[in-house]
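Heads up: the protein sequence lines correspond to chains A and B, in order.
Take the first sequence: its position 257, counting from 1, is numbered 257 in my numbering, and each next residue is one higher.
Take the position in the second sequence, starting the count at 1, then add 1000; the result is the number in my numbering.
Since the hints were made in silico from the structure, they are not lab data.
Every residue gets a Cβ at the ideal spot worked out from N, C-alpha and C, and that includes glycine.
Among these hints, one or two may not hold up.
Said to hold, decoys possible - Label-pair ranges, simulated between beta-carbon atoms: (1) A:Gln425 to B:Ser1223: 53 to 61 Å; (2) A:Arg466 to B:Ser1223: 36 to 44 Å; (3) A:Glu198 to B:Glu1263: 44 to 52 Å; (4) A:Ala168 to B:Lys1063: 40 to 48 Å; (5) B:Asp1099 to A:Gln436: 14 to 22 Å; (6) A:Glu198 to B:Gly1257: 57 to 65 Å; (7) B:Val1074 to A:Val371: 48 to 56 Å.
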Amino acid sequence: MKSLSSREREAAPTNQSAPGPLYADRVKVYPKRISGTWRRVKWAILVACLSVYYGGAWLRWDRGPGAPDQALLIDMSGPRAYFFDIEIWPQEVYYITGLLVLAAVGLFFVTSLFGRVWCGYACPQTVWTDLFMLVERWIQGDRSARIRLDKASWGVRKIALKGATHAAWLLIAAATGGAWVLYFDDAPTVVREFFRGESTTGVYFFVGLFTATTYVLAGWAREQVCTYMCPWPRFQAAMLDEHSAAVTYRAWRGEQRGPIRKGVAPAPGTGDCIDCKACVYVCPTGIDIRDGLQIQCIGCGLCIDACNEIMGKVDRAPNLIAWTSVAYEAERAQGRPGRYRFVRPRTILYAALLAVVATVMVVALALRTTVEVNVLRDRMPQFVLLADGSVRNGYTVKILNKERRAASFRIEATGFAGLVLRPAQGEAQNGALTVQAKPDSVETVPLFLKAPRAASGPASRGVTFRVLDAQGRLVARRDTVFIGPAR
Amino acid sequence: MAAEFERDPVTGRSTTGHEWDGIKELNTPLPSWWLYTFYATILFAVVWSVLYPSIPGIDGLLKHTNRQDLVETVKAATEAQAPMVDRIRALSIEEVRKDPQLLAFARTGGRAAFNNNCAACHQTGGAGARGFPNLADDEWIWGGTLADIEQTIRYGIRGEHDKSRLSMMPRFGADGMLSPAQIDDVVEHVLALSRQPHDAARAARGAPLFVEQCAACHQNDGSGNRELGAPALNDQIWLYGGTRAAIRDSVFAARAGAMPHWEGRLDEATIKMLTLYVHGLGGGK
């Protein structure tokens, strides 16, 4: 695309510039330092997110003896996942699915209300890129200093500054990769073993992997990730409508742009935008917000801060760039007072979905049993004929005691007359079997059911195992079958 | 080569000079990162084929083979199990049975050994088949105690080992010891012993014959004799089938199923583990 001359650009309406080329070489972005409301919000969220990430694994949570005391832990060899008081067994991994569904719907909901706040404030790519830029700015200086440094020929100073930057980045990246593995084993132990060289290859591999990805994505790829790699900008528009808030340049107020000169009155028809490009200089993805809504905009609002600073200096009303909706601005452009609509079919739907999923999750968590029972029929042999002519079937009852204390359970079998239960070892008491289940483990109980051949019927009959706790309450009932010879 | 290729006005790149239906191909070289990654994979392949066996007949510098991996894995597993196996070898079967940890280990090891060596005849889980005893039921021809089972596994049945258990049923029909009519009478009596439908008159005629010819081993009431390996005939379990025809075949030509001995082929610990596994299948006495 041939670049528009400044005259043409002024004449062209915003947001309707000709479509760009399919491929463009990367133009390095040098975001300028800025302070303001949205920058402060961004710092606060950055600090909060990073604190949770780097510090989360160090939270302790007393679960009693024999259990890990880490509040957040995914114990692969355990195998258990611990989240404060909640303990997830491998077969309950659907809670994680529920959490992901919750996160997705939550993201849709927030996006329909406030646009791309996730992209601009909470996305890990944004947070770490922001952190890396902060370090870069500390070492190499602000925008113009960095541009000058990049243009300068290589010398001691440039090598020192660039080297220090990359060293600091690598250090942060290593801390990021290191913090990741802390969530999979006892954090202090992991750190000790890591520096003594006693960790497993897996640990070193994952620390290396996450160090490399953090360094490359936040140090080098940056806005390329948002523009080219991330799918979210491509389909987030499906969650937006004309009432969703987005970082918007108020073209009706800004155009025509014109520089201001001391003592010269602005030409008639000139808008508030003085074309100072402050909004472009601070943008972390290097775009011009005045081109209108665009895929590259991550909605961080730094251009709002930049523009407000300038508007203050030239004594014009703030918020030429603002979080606002298309519908609101359309009203304002026609001179009518704008109106924000937060309650819309779309937001009601997302909120309702969010409520439903959250309720399901809470109810599922609340009704979670601490005991689970599985009954497996022995497949080989299917049945055994005994000397007295009766038929015997073997079963394995598995009792999952998820509590942190031992418990006693009673297993009974019912189905048809003549059915006799016998444990694989020892004798049954009153036709039932009492088992002691160790804390936080699976108790495997092999047992046999015997029935006279006549009673067992021609092929298979239903039987039911009932498991009762020490107080005699029914914990679980499992239906299975009793198989006999066909003839 | 044409001297000058056209430049594309939109991208500013030169074209390759190729044109199809008015569409011109831009001269866009591969990105250098892509190219260098490609070169790296070629280099990797060369290094790999030098170090590892990749050409038939050439071992590669590292002399690596999957078989060696397997040998080492098996060796490591054997070493890891050695302490438990050594304890099982040192203790008596009864002592192993009293130690829950050892017992669990022995049962698991016994199952593996059973599936490797015994399941071909006795089926997985000891389910048995016609002529091959079911090891999960409560009928034991040679006894179902730990000691009995161990002896059977160690020395076999009607096998080549000196201590192998031997017993031979006479071939009453084939050798002309009983007439066909007498055999039919004995068969009816055996059916009566196991409470199956039978001809009462013939069974009555067969009873004295049974006492005379069969009871020495199978006992008067048909309850068998485990010392001699004579199966019980008064229960519902039949190794070769309990029908009239199957019983007649047994009386006429006799049965003599054989089992090989495992002493010398399986080590002591494995035999003990097998014994405990078979005993735990559900019929152990």
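Assuming the hint says 57 to 65 Å, is it satisfied by the Cβ distance from Glu198 of chain A to Gly1257 of chain B or not?
58 Å, holds
Take the C-beta atom of Arg466 of chain A and the C-beta atom of Ser1223 of chain B, compute their distance, and say whether it sits inside 36 to 44 Å.
38 Å, holds
Glu198 of chain A paired with Glu1263 of chain B, Cβ distance criterion 44 to 52 Å:
Distance hint for Glu198 of chain A, Glu1263 of chain B holds at roughly 46 Å.
Is it true that the C-beta distance of Ala168 of chain A to Lys1063 of chain B lies inside 40 to 48 Å, as the hint says?
With Cβ atoms ~45 Å apart, the hint holds.
Just to be sure I understand the hint, the distance between the Cβ atoms of Asp1099 of chain B and Gln436 of chain A should be within 14 to 22 Å; is that true here?
With Cβ atoms ~18 Å apart, the hint holds.
Quick check on a hinted range of 53 to 61 Å for Gln425 of chain A and Ser1223 of chain B, using CB atoms only.
27 Å, violated
In this structure, is the beta-carbon distance linking Val1074 of chain B and Val371 of chain A contained in 48 to 56 Å?
40 Å, violated
Of the numbered hints stated above, those contradicted by the structure are hints 1, 7, listed in ascending order.
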